[in-house]
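Following the hints, complete the assembly by docking chain B onto the known chain A.
Residues per chain are reported as follows:
Number of protein chains: 2
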Amino acid sequence: MEVEKESCEKVNRFYLWLSCFITIMNKLHTMVIMLFKKVKKIGEDDPRRILHSFKVGLTLTLVCIFYYVTPLFDGFGSSAMWAVLTVAVVMEFTVGGTLCKGVNRTFATLLAGALGLGTHHIAILCGEKGEPILIGIFVFFFSSAATFSRFIPEVKKRYDYGVTIFILTFSLVAVSSYRVEDIIEFSHQRLSTIALGVALCISISIFIFPVWAGGDLHHLTSTNLDKLANFLHGMRDKYFGEDLVDRSYFQSYKSVLNSKATEEVLVNLAKWEPGHSGFGFWHPWKQYLVIGASIRHCACLMDSLATFITTLDKSAPLIGSNPRPKPDSEELYGKIRSACADMSSETAKALSDLANDIKARSAPATARLHVAAAEEAAERMKMALSNGAEGGIVHVATIGSLVGEITKSAKEIVGSVEELAQLAGFKSHEAVNRTMVKPLADGESQHTTITVNE
Amino acid sequence: MEVEKESCEKVNRFYLWLSCFITIMNKLHTMVIMLFKKVKKIGEDDPRRILHSFKVGLTLTLVCIFYYVTPLFDGFGSSAMWAVLTVAVVMEFTVGGTLCKGVNRTFATLLAGALGLGTHHIAILCGEKGEPILIGIFVFFFSSAATFSRFIPEVKKRYDYGVTIFILTFSLVAVSSYRVEDIIEFSHQRLSTIALGVALCISISIFIFPVWAGGDLHHLTSTNLDKLANFLHGMRDKYFGEDLVDRSYFQSYKSVLNSKATEEVLVNLAKWEPGHSGFGFWHPWKQYLVIGASIRHCACLMDSLATFITTLDKSAPLIGSNPRPKPDSEELYGKIRSACADMSSETAKALSDLANDIKARSAPATARLHVAAAEEAAERMKMALSNGAEGGIVHVATIGSLVGEITKSAKEIVGSVEELAQLAGFKSHEAVNRTMVKPLADGESQHTTITVNE
Chain A
8 MEVEKESCEK
18 VNRFYLWLSC
28 FITIMNKLHT
38 MVIMLFKKVK
48 KIGEDDPRRI
58 LHSFKVGLTL
68 TLVCIFYYVT
78 PLFDGFGSSA
88 MWAVLTVAVV
98 MEFTVGGTLC
108 KGVNRTFATL
118 LAGALGLGTH
128 HIAILCGEKG
138 EPILIGIFVF
148 FFSSAATFSR
158 FIPEVKKRYD
168 YGVTIFILTF
178 SLVAVSSYRV
188 EDIIEFSHQR
198 LSTIALGVAL
208 CISISIFIFP
218 VWAGGDLHHL
228 TSTNLDKLAN
238 FLHGMRDKYF
248 GEDLVDRSYF
258 QSYKSVLNSK
268 ATEEVLVNLA
278 KWEPGHSGFG
288 FWHPWKQYLV
298 IGASIRHCAC
308 LMDSLATFIT
318 TLDKSAPLIG
328 SNPRPKPDSE
338 ELYGKIRSAC
348 ADMSSETAKA
358 LSDLANDIKA
368 RSAPATARLH
378 VAAAEEAAER
388 MKMALSNGAE
398 GGIVHVATIG
408 SLVGEITKSA
418 KEIVGSVEEL
428 AQLAGFKSHE
438 AVNRTMVKPL
448 ADGESQHTTI
458 TVNE
Chain B
8 MEVEKESCEK
18 VNRFYLWLSC
28 FITIMNKLHT
38 MVIMLFKKVK
48 KIGEDDPRRI
58 LHSFKVGLTL
68 TLVCIFYYVT
78 PLFDGFGSSA
88 MWAVLTVAVV
98 MEFTVGGTLC
108 KGVNRTFATL
118 LAGALGLGTH
128 HIAILCGEKG
138 EPILIGIFVF
148 FFSSAATFSR
158 FIPEVKKRYD
168 YGVTIFILTF
178 SLVAVSSYRV
188 EDIIEFSHQR
198 LSTIALGVAL
208 CISISIFIFP
218 VWAGGDLHHL
228 TSTNLDKLAN
238 FLHGMRDKYF
248 GEDLVDRSYF
258 QSYKSVLNSK
268 ATEEVLVNLA
278 KWEPGHSGFG
288 FWHPWKQYLV
298 IGASIRHCAC
308 LMDSLATFIT
318 TLDKSAPLIG
328 SNPRPKPDSE
338 ELYGKIRSAC
348 ADMSSETAKA
358 LSDLANDIKA
368 RSAPATARLH
378 VAAAEEAAER
388 MKMALSNGAE
398 GGIVHVATIG
408 SLVGEITKSA
418 KEIVGSVEEL
428 AQLAGFKSHE
438 AVNRTMVKPL
448 ADGESQHTTI
458 TVNE
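Listed in order, the protein sequences are those of chains A and B.
If you want the numbering used here, it's the position in the first sequence, counting the first as 1, plus 7.
If you want the numbering used here, it's the position in the second sequence, counting the first as 1, plus 7.
Accuracy of the hints is not assured; some may be wrong.
Which copy is meant is left open, so a pair is good if it fits within one copy or across any two.
Straight line, CA to CA, 27 angstroms or less: simulated DSSO-like cross-link-like pairs of lysine-lysine [stated by the list, open to error]:
(1) LYS245 with LYS293
(2) LYS293 with LYS44
(3) LYS163 with LYS434
(4) LYS342 with LYS389
(5) LYS434 with LYS45
(6) LYS12 with LYS164
(7) LYS34 with LYS45
(8) LYS44 with LYS34
(9) LYS261 with LYS47
(10) LYS418 with LYS434
Just so you know, these hints were derived from the structure itself, not from any lab.
Just chain A, same shape as in the assembly (with noise of 0.2 angstroms):
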């Protein structure tokens, strides 16, 4: 019965390790698969990705080649260590990357060895026990000047990777020269190596499958436009076409609002691409940010228009829908839709236009005359209104409006605020707040405490 029952529980102890390890791997097999598809995805999205792995690959299994290479080993030393060094940190993405990397690398090694070696000589000068004190006072004072120049918008743009290479080398040099002997050979064997390092990065990343910032901006302008054209589609052909429950052209134009960050990347990257594939080396690049700031500027009003249907969606009679207005607006109503709609139309043309224009880099021709034709609607409506005689109020209904959309998404944030301060464990302060609410003017002080238990 002892036996039993014991063989019993060990039977169960068994299963019971066997389900957990099942379980265990189970998970760890749904995670490697999940892994694999976001792998597969990631390279299906943009396949030069794959591309640009295997030419790091290849770069640095070159550069090891000096290595293996006895004589070429011979000649640079242990230096040659450097040009590995360079290759794993140089080699981005784009060209533009690399040259920027590469460039900044180069110079400043040069500039900051020159400067080390000058500081050296002068440190010289001051005897065996002065020599580290000065050297340590000008590793000081360059490193932190060079530190603060990192701070500067212009050298944080362009600069920031060659500063940091710089108080690299500065240190680097400064510092070696009071034990290796041979400082001007040292020096040298650095620079060589990293220039033969940056010069082979630069050429493998333009002259196999070049990646170039410039293009990537050039599309990524034109693929905006498109979205903003899409949701302009999508009110035309959905929205004003009665069809009010499809609303998923409402998500185009959202990854165009935060598209800034990438933008400006991208232009200081384009900046030091050379000329290539029909983009000069002057290629007026900053103009992009401009048509930028517009594009964003329209989706940002997008982005309200989307806000404010979906209000009306919940609180009001729908546009084109039923309840229909009272009959004797009817035909203001009509006109006002109709002109809505041709605005939508003739607005998604013309930016589908430029969309197709910037693309096929001809300058633009018909989009004004769309954009022409959604003002001669625009003015419709404006037409319509006046003579229906409540322009006037119209102008300040929709300023309501807006501020209304403003209350409501206030509403959110404070939703959130609370959020945070529930999962951070804010103090609340019962008694401090008793004290600074501030009575309401109307009197409506019971129906706003409902309000805030709701």
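Positioned in the frame of chain A, the structure of chain B alone reads:
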């Protein structure tokens, strides 16, 4: 005569050179003063930048002691160089940045060192000739895979620097093993000097005037809320207070629109930071992104409102100014206006209360009351409008106004793309365009052509 002429010419040339020299010196002088002012402003804007620069200088000077103090130098050999290198690269402005880079560097070096040694031991088995080939294959494989992993968003966010260091160290150790005799000693020395450099950086970062990314993020969120509140306060005091000239508050929300990139960087760094000044290690940093998204949505609505008001200035009677609406709608007009003023004022109070709550880290209490009061006002406006019988029309007209604004912003985009086309010398397809232009539906092509030529 000849001599006089010659000397006169000489004097003239001298004056020409002198004026040239003075112009250049003046320009240089202006540039130096400009630079000095800029540097002063950068320092004044955030004095922690100056402190950070001195901290970097101090850390580098400290690490140089390794080179000076002979017993320490003898212990580490030329590997002491890696400590200098580490400090120059790892020291960042925020504690989170330094921790992120330091931890990444240490663990990536450890992992890559171990893998490199493993590779070395496997490669030895293949004999003299096979060794370099096998090492080459390993380097190619690991560096390609590691480079690809940088495209996975989660890796990119937190471990990007670590992957770079992994590639660098792995290549270096695997390849050096072919040459350096005592590879274990070499790896060990490298790892200890790097760890030492990292420890020094982290200590100085944390204990001498620390700059916390988390604190900056917290501060940024509350400042952004204040900016939104300022806009609404401006609306209340100026626009609805009939001061229609001062529009300075129209700028206050602009910087909020593009705050996403900064916020994301700060969140990623804040996650690395230990508990500090009231923020625990598990502080819900992610929630700040949620709040940030709501804040940006609100700023977007403000942008639309500001755009609409600017348009009204140019094209239609100003709200609150002459010409007033027709006498029969005067009362309705006044009601809407007062409701708008109340909404602005209450929402502004809610937002600035939230900003204060975040600053004080107390749970928001009064904000909900103010939002409720603003909602009351919105309800009042809705009632007034529906009593005024224009309800239906107003909704359509608001949508119309927004679509009209989108049209206008599209015109802006067309303008900036045209400028790009001109600057970049895009080809104009006169012929192609002629076939592409579709005839306008309402037969107003004559008028439209005139608009183009404006």
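Cross-check of the supplied hints:
no.: 1; hint: LYS245 with LYS293; result: neither (37 angstroms within a copy, 36 angstroms between copies)
no.: 2; hint: LYS293 with LYS44; result: between (38 angstroms within a copy, 25 angstroms between copies)
no.: 3; hint: LYS163 with LYS434; result: neither (40 angstroms within a copy, 35 angstroms between copies)
no.: 4; hint: LYS342 with LYS389; result: both (10 angstroms within a copy, 23 angstroms between copies)
no.: 5; hint: LYS434 with LYS45; result: neither (41 angstroms within a copy, 41 angstroms between copies)
no.: 6; hint: LYS12 with LYS164; result: neither (75 angstroms within a copy, 54 angstroms between copies)
no.: 7; hint: LYS34 with LYS45; result: within (16 angstroms within a copy, 56 angstroms between copies)
no.: 8; hint: LYS44 with LYS34; result: within (15 angstroms within a copy, 60 angstroms between copies)
no.: 9; hint: LYS261 with LYS47; result: within (25 angstroms within a copy, 39 angstroms between copies)
no.: 10; hint: LYS418 with LYS434; result: within (21 angstroms within a copy, 51 angstroms between copies)
Violated hints, listed in ascending order, are 1, 3, 5, 6; each of the other numbered hints is respected by the structure.
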